[in-house]
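Asker: Take a look at the letters that make up each chain.
There are 2 protein chains.
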Amino acid sequence: MVGEIRTIWWEKNHVVIIDQRLLPHKLRYLKIRSYREMARAIKEMAIRGAPAIGVAAAMGLALAVVNAKTGSRELLMKRLREAAETIRSTRPTAVNLFWAIDRILSVAGEAQSKDDLREKVVNEALKIAEEDIEVNKKIGENGSRLINDGDKILTHCNAGALATVGYGTALGVIRTAHNQGKNILVYASETRPRLQGARLTTWELIREGIPVKLITDNMASFLMQRGEITKVIVGADRIIAKTGHVVNKIGTLTHAISAKYYNIPFIVAAPFSSIDFKHSVDEVVIEERNIREVLYIDNVRIAPKGVEAINPAFDITPPELVSYIVTEKGVYKPEELKELAH
Amino acid sequence: MVGEIRTIWWEKNHVVIIDQRLLPHKLRYLKIRSYREMARAIKEMAIRGAPAIGVAAAMGLALAVVNAKTGSRELLMKRLREAAETIRSTRPTAVNLFWAIDRILSVAGEAQSKDDLREKVVNEALKIAEEDIEVNKKIGENGSRLINDGDKILTHCNAGALATVGYGTALGVIRTAHNQGKNILVYASETRPRLQGARLTTWELIREGIPVKLITDNMASFLMQRGEITKVIVGADRIIAKTGHVVNKIGTLTHAISAKYYNIPFIVAAPFSSIDFKHSVDEVVIEERNIREVLYIDNVRIAPKGVEAINPAFDITPPELVSYIVTEKGVYKPEELKELAH
Numbered sequence: 040m041v042g043e044i045r046t047i048w049w050e051k052n053h054v055v056i057i058d059q060r061l062l063p064h065k066l067r068y069l070k071i072r073s074y075r076e077m078a079r080a081i082k083e084m085a086i087r088g089a090p091a092i093g094v095a096a097a098m099g100l101a102l103a104v105v106n107a108k109t110g111s112r113e114l115l116m117k118r119l120r121e122a123a124e125t126i127r128s129t130r131p132t133a134v135n136l137f138w139a140i141d142r143i144l145s146v147a148g149e150a151q152s153k154d155d156l157r158e159k160v161v162n163e164a165l166k167i168a169e170e171d172i173e174v175n176k177k178i179g180e181n182g183s184r185l186i187n188d189g190d191k192i193l194t195h196c197n198a199g200a201l202a203t204v205g206y207g208t209a210l211g212v213i214r215t216a217h218n219q220g221k222n223i224l225v226y227a228s229e230t231r232p233r234l235q236g237a238r239l240t241t242w243e244l245i246r247e248g249i250p251v252k253l254i255t256d257n258m259a260s261f262l263m264q265r266g267e268i269t270k271v272i273v274g275a276d277r278i279i280a281k282t283g284h285v286v287n288k289i290g291t292l293t294h295a296i297s298a299k300y301y302n303i304p305f306i307v308a309a310p311f312s313s314i315d316f317k318h319s320v321d322e323v324v325i326e327e328r329n330i331r332e333v334l335y336i337d338n339v340r341i342a343p344k345g346v347e348a349i350n351p352a353f354d355i356t357p358p359e360l361v362s363y364i365v366t367e368k369g370v371y372k373p374e375e376l377k378e379l380a381h
Numbered sequence: 040m041v042g043e044i045r046t047i048w049w050e051k052n053h054v055v056i057i058d059q060r061l062l063p064h065k066l067r068y069l070k071i072r073s074y075r076e077m078a079r080a081i082k083e084m085a086i087r088g089a090p091a092i093g094v095a096a097a098m099g100l101a102l103a104v105v106n107a108k109t110g111s112r113e114l115l116m117k118r119l120r121e122a123a124e125t126i127r128s129t130r131p132t133a134v135n136l137f138w139a140i141d142r143i144l145s146v147a148g149e150a151q152s153k154d155d156l157r158e159k160v161v162n163e164a165l166k167i168a169e170e171d172i173e174v175n176k177k178i179g180e181n182g183s184r185l186i187n188d189g190d191k192i193l194t195h196c197n198a199g200a201l202a203t204v205g206y207g208t209a210l211g212v213i214r215t216a217h218n219q220g221k222n223i224l225v226y227a228s229e230t231r232p233r234l235q236g237a238r239l240t241t242w243e244l245i246r247e248g249i250p251v252k253l254i255t256d257n258m259a260s261f262l263m264q265r266g267e268i269t270k271v272i273v274g275a276d277r278i279i280a281k282t283g284h285v286v287n288k289i290g291t292l293t294h295a296i297s298a299k300y301y302n303i304p305f306i307v308a309a310p311f312s313s314i315d316f317k318h319s320v321d322e323v324v325i326e327e328r329n330i331r332e333v334l335y336i337d338n339v340r341i342a343p344k345g346v347e348a349i350n351p352a353f354d355i356t357p358p359e360l361v362s363y364i365v366t367e368k369g370v371y372k373p374e375e376l377k378e379l380a381h
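Chains A and B, in that order, give the protein sequences.
Using my numbering, the first residue of the first sequence is number 40, and each one after it goes up by one.
Using my numbering, the first residue of the second sequence is number 40, and each one after it goes up by one.
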């Protein structure tokens, strides 16, 4: 048995993350010493996954206040706000990033002194990280009730330990069900263009002995047609409380439409911090990434010179395609979320 | 303006094909000198596309009789049948392969002498090749009536000049509409695992100045949701006349389900020789290719050691998802095919 995967942690005055760009071939850790390094790590997807980048943002802000050598409480607060702006601009879609930044800024605002501010920010960042694992285990418990012995489960992208501090959301549900002794086969769709399914999800599951088969994204409906997929579980980068729309990795919508066509339950697993109670679906910015990610795989070019391409990183699944939303607080239908507004 | 693409042709005692494994980076021709070399070229997908492999099979048989130095008419016929068995076993799904082999064997059966057999087989192979281009142009004419100025058309895999002797089926429709002055934008889905969309379709269209954008397979529904795709056109490896099921490259079914969900016409363009009047859908063998195609892209491995995978090369789209089937003889609804049995 191997140790549990921990994606990100705080060490005295620096942060350590798994460099996910090198997986599954190399498990390397990256030392992050400043909020600017953290912003780059988020932008370049050394760390990715909505809950993980929330924690990374919080720890990035903690680095900003720890590194700020001098000045008053006011100057430190100014520095923190600058760092928050930099980190906020890295990736526009996952709401956890903004949620974590707001939470840090809020505790910082209550600080009485420079030292108090430092302490409060660092403690809050650590708290957000620790909560994440607990939340995921709760999601696992709640979601595992929807999983039956013998289920063959499609998952997309990586909503696993690597997308969180540890344990995972969609893969947390699968882990819990597996640990309960349920016999489960996972189909991991590779998730072009960045291949998080092929690179990360299979790596995580093989490591723990959970049966997994890799497929290309376009094979999912073939398997559904043959009765080879009985459930779909994915994570979420943002869930719109008002309407129940689910923003998640590009390709999620396609799986949801196919699942609907074949009458297969489509389950979303995410922490409450992924629920956006403020915005409507029209206000969601879908990140457009460099088309190089589509034109190349690693450094192999797969398309002719001069070709145009698009590269939206996320898509939006409407509530009528979503069977359940599993959070640490309970399992909801998408239309029930609007009643939960706090 | 560049010359028209010709995928395969006969030269005195050998055949020349474009080696499609090297596209889009290199346009190289491969000399095929024996039926065994042709069988390998088909199996390894140096030449691919249902109509093209039909022609390749016929020319492979022509090589078999041209190369057979001695013997009686009976010995030559025996040799031809052996060659037919070898070529028949290369790829199980596309029906054109079997159709072309049967057509060659049928004319060979009528031959009066050894020399007559040689001549008849070679002539029939050349005839199949020449017919292919004419058929495609007819498909283009018939199909272009379904295309409007301003259409944004999704196509999957490559059903272009490279999938035929020249001109193409699905891309033949697009070529004709483009030549008629209709303003068309093509979205080419990359078509994992072999990437025929990224490698071949974009190459063909860029070469002729037809606007094209490359997407990953899982981006199609995102575009449909936003109204950015107004038609889907694909080729076919086999169409089941009895029921109207369409067997085509893996990923076709997914696009068809998404198109249905967003109420977008789903059009199949194929020669009459792709229609299977003999078998039912349950009798179709879906080729399972080496999982290396999923685990590697070129020589870059994208998944961890020891991972399991599947690699079905085709899927089956049910008739309720198909709007039109365009052939050289006319445009049909899938349920109309059974009335065409000859």
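Be a bit skeptical, because a hint or two may be false.
Identical copies carry no separate label here, and so any pair may be met within one copy or between two of them.
[Stated by the list, open to error] Each computed EDC-like pair below joins lysine to aspartate or glutamate, with the alpha-carbon atoms no more than 20 Å apart:
| hint | residue 1 | residue 2 |
| --- | --- | --- |
| 1 | Lys159 | Asp58 |
| 2 | Lys344 | Glu247 |
| 3 | Lys368 | Glu169 |
| 4 | Lys166 | Glu50 |
| 5 | Lys221 | Asp190 |
| 6 | Lys159 | Glu374 |
| 7 | Lys153 | Asp190 |
| 8 | Lys177 | Glu43 |
| 9 | Lys252 | Glu332 |
| 10 | Lys252 | Glu327 |
| 11 | Lys252 | Glu326 |
| 12 | Lys344 | Asp58 |
| 13 | Lys368 | Glu378 |
| 14 | Lys299 | Glu359 |
| 15 | Lys281 | Asp188 |
By construction, these hints were calculated from the structure, which means they are not laboratory data.
Asker: Look at each hint and say if it fits the structure.
Answerer: Status of each hint after checking the structure:
{"no.": "1", "hint": "Lys159 to Asp58", "in the structure": "neither (28 Å within a copy, 64 Å between copies)"}
{"no.": "2", "hint": "Lys344 to Glu247", "in the structure": "between (42 Å within a copy, 14 Å between copies)"}
{"no.": "3", "hint": "Lys368 to Glu169", "in the structure": "within (17 Å within a copy, 67 Å between copies)"}
{"no.": "4", "hint": "Lys166 to Glu50", "in the structure": "within (14 Å within a copy, 75 Å between copies)"}
{"no.": "5", "hint": "Lys221 to Asp190", "in the structure": "within (8 Å within a copy, 49 Å between copies)"}
{"no.": "6", "hint": "Lys159 to Glu374", "in the structure": "neither (37 Å within a copy, 70 Å between copies)"}
{"no.": "7", "hint": "Lys153 to Asp190", "in the structure": "neither (54 Å within a copy, 61 Å between copies)"}
{"no.": "8", "hint": "Lys177 to Glu43", "in the structure": "within (17 Å within a copy, 62 Å between copies)"}
{"no.": "9", "hint": "Lys252 to Glu332", "in the structure": "between (24 Å within a copy, 14 Å between copies)"}
{"no.": "10", "hint": "Lys252 to Glu327", "in the structure": "between (29 Å within a copy, 15 Å between copies)"}
{"no.": "11", "hint": "Lys252 to Glu326", "in the structure": "between (29 Å within a copy, 18 Å between copies)"}
{"no.": "12", "hint": "Lys344 to Asp58", "in the structure": "between (31 Å within a copy, 19 Å between copies)"}
{"no.": "13", "hint": "Lys368 to Glu378", "in the structure": "within (13 Å within a copy, 58 Å between copies)"}
{"no.": "14", "hint": "Lys299 to Glu359", "in the structure": "both (9 Å within a copy, 15 Å between copies)"}
{"no.": "15", "hint": "Lys281 to Asp188", "in the structure": "neither (34 Å within a copy, 39 Å between copies)"}
Violation of the numbered hints given earlier is confined to hints 1, 6, 7 and 15; the remaining hints are satisfied by the structure.
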